[in-house]
Amino acid sequence: MAEIADDGGGHKKGGKKRAKKQSTKIDMTPMVDLGFLLLTFFVLTSTFSKPKSMEISFPAPPPPDQKPPEVKNGLSIILSKDHKIFYYKGQFNPEGNKEGKPATQLEETNFSSEGLHKILLEMNSYAHDEIAKLEVKVKNKQLADSTFKRLAMEAKGDKRSLTALIKTDDKATYKDVIDVVDELNVCMVGKYVIIDMSAPEYALLTEKIK
Amino acid sequence: MSKKPSKGGAPSLDMTPMVDLAFLLVTFFMLTASFRMAEPVVVDPPASHAEKTLPENTVLVSIDNNGRAFFGVANAEAKVATLLKMSDKYKVKFSAEEVKKFGGMSSFGVDIKDLPKYIDATEAERMKFQPQKGVPNDSLKNPQLRDWILYAAQETNGVYIRERDKAKAAGKDFVGEKPRYAIKADANAKYIYVKDVIKTFTDMKIYRFNLITSLEGGGSKPAEPGKNKN
Chain D
2 MAEIADDGGG
12 HKKGGKKRAK
22 KQSTKIDMTP
32 MVDLGFLLLT
42 FFVLTSTFSK
52 PKSMEISFPA
62 PPPPDQKPPE
72 VKNGLSIILS
82 KDHKIFYYKG
92 QFNPEGNKEG
102 KPATQLEETN
112 FSSEGLHKIL
122 LEMNSYAHDE
132 IAKLEVKVKN
142 KQLADSTFKR
152 LAMEAKGDKR
162 SLTALIKTDD
172 KATYKDVIDV
182 VDELNVCMVG
192 KYVIIDMSAP
202 EYALLTEKIK
Chain Y
73 MSKKPSKGGA
83 PSLDMTPMVD
93 LAFLLVTFFM
103 LTASFRMAEP
113 VVVDPPASHA
123 EKTLPENTVL
133 VSIDNNGRAF
143 FGVANAEAKV
153 ATLLKMSDKY
163 KVKFSAEEVK
173 KFGGMSSFGV
183 DIKDLPKYID
193 ATEAERMKFQ
203 PQKGVPNDSL
213 KNPQLRDWIL
223 YAAQETNGVY
233 IRERDKAKAA
243 GKDFVGEKPR
253 YAIKADANAK
263 YIYVKDVIKT
273 FTDMKIYRFN
283 LITSLEGGGS
293 KPAEPGKNKN
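Residue numbers (the numbering used here), protein chains in the order written: chain D, 2 to 211; chain Y, 73 to 302.
One chain only, chain D, in its complex shape (with noise of 0.2 Å):
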């Protein structure tokens, strides 16, 4: 019996002297309950991630005299409603040239990993092939971080890597924006630029989507 007392059973014997015991007991509960509220509370409210954001530069306005730059391995992306995009390689030249090259003809292409990934690793096979070479280096401990990304950087800059011109209608959205610059970035295109459309080049857009 003496040993069911000292547990703190619910026995009335020696009442007096096991109340005092009790006593430095404080009943917790509220402020567990509080403890758990401000969790919660802090858990909803809380931003977990930070917002991400894409570095990009925009070009500064040529001066008026100037010529567009002769782009030689280029590919233009345009933009128009419903998501569509079209695109045409290299120089713009809506009459053909004498060498009897064909008229420049929009192409329409999707965001798919058929559509316009594919274009974009194609033409882009120079950068994307050195940078895959390089980060086999880099894997191998040959080579250090900091001189892969110089030289990532001078093969995405390189003559024989893609240049893309990105110009949009008044009815493309900025999530098409962002999904083709998106898209440049993951297949490793490094020099493209948003620009606005040529007259001539809206022309054969309409005629396009009409």
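Simulated from the structure, these hints should not be mistaken for lab results.
Don't take every hint at face value.
Lysine-lysine pairs mimicking BS3-like chemistry, simulated, CA-CA at most 25 Å apart [unchecked claim]:
id, chain 1, residue 1, chain 2, residue 2
1, Y, Lys250, D, Lys150
2, Y, Lys205, Y, Lys165
3, Y, Lys205, D, Lys172
4, Y, Lys205, D, Lys192
Calculated from the model, a selection of chain D residues having no Cβ within reach of chain Y, i.e. all distances over 10 Å [unchecked claim]:
id, residue
5, Lys53
6, Ser54
7, Gln92
8, Thr105
9, Glu123
10, Ala133
11, Lys138
12, Ser147
13, Leu152
14, Ala153
15, Met154
16, Lys160
17, Asp183
18, Gly191
19, Ser199
20, Tyr203
This one's a predicted model, so the numbers in the text were calculated from it and none came from an experiment.
Cβ atoms here follow ideal geometry from the backbone N, Cα and C, with glycine treated the same way.
Since chain D is already given, all that's left is putting chain Y on it; use the hints.
Below, chain Y without anything else, positioned relative to chain D:
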């Protein structure tokens, strides 16, 4: 021989570890939480694979899907100084209390003439504030956005340089970051609206931006399968 009768007392768990953990988490979240000020408008940025986190020290222009521009400065000191300069230029008076309140506000999208009223409103009222047409950005008649950006750029750079020099004079390492220009546009906003804002920046010879995006895969991405037919 003398086993304790288990049915005697109420079954009680030792809650101490749980409570310890709960308070540990509370402390953690309290210390890490950074409170986001309520934005006057919902801007849902498009997703991308970009992994760079947005710098803290920014001059931000948000564009909602109707093309309204909202303007905000992260640094409170620079923000207040910008307001004072704008107040001078546009001859709109702000009381000392309004100026102070403005320092703690998030971005806003009202004409400067309505700004005193907007500042005086409570946070809940601001969401419904009329007319909230965005900061006017008419390069010829009413170039308020340009002026906001211009003064904010001067002020944030000023604050940055002053703090850097102060740290240098005290012989301490300077940890502040250079001010950046951020654009947060809604995914469904037409690109021409964004282009207008970017033109406002490039006219002032500011060419580098941080375009705010959300992380790919995080948000819902509707209409993706629809795009793939073709």
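Problem set entry | Violated constraints from the hint list, given by number and in increasing order | 4, 5, 6 and 17
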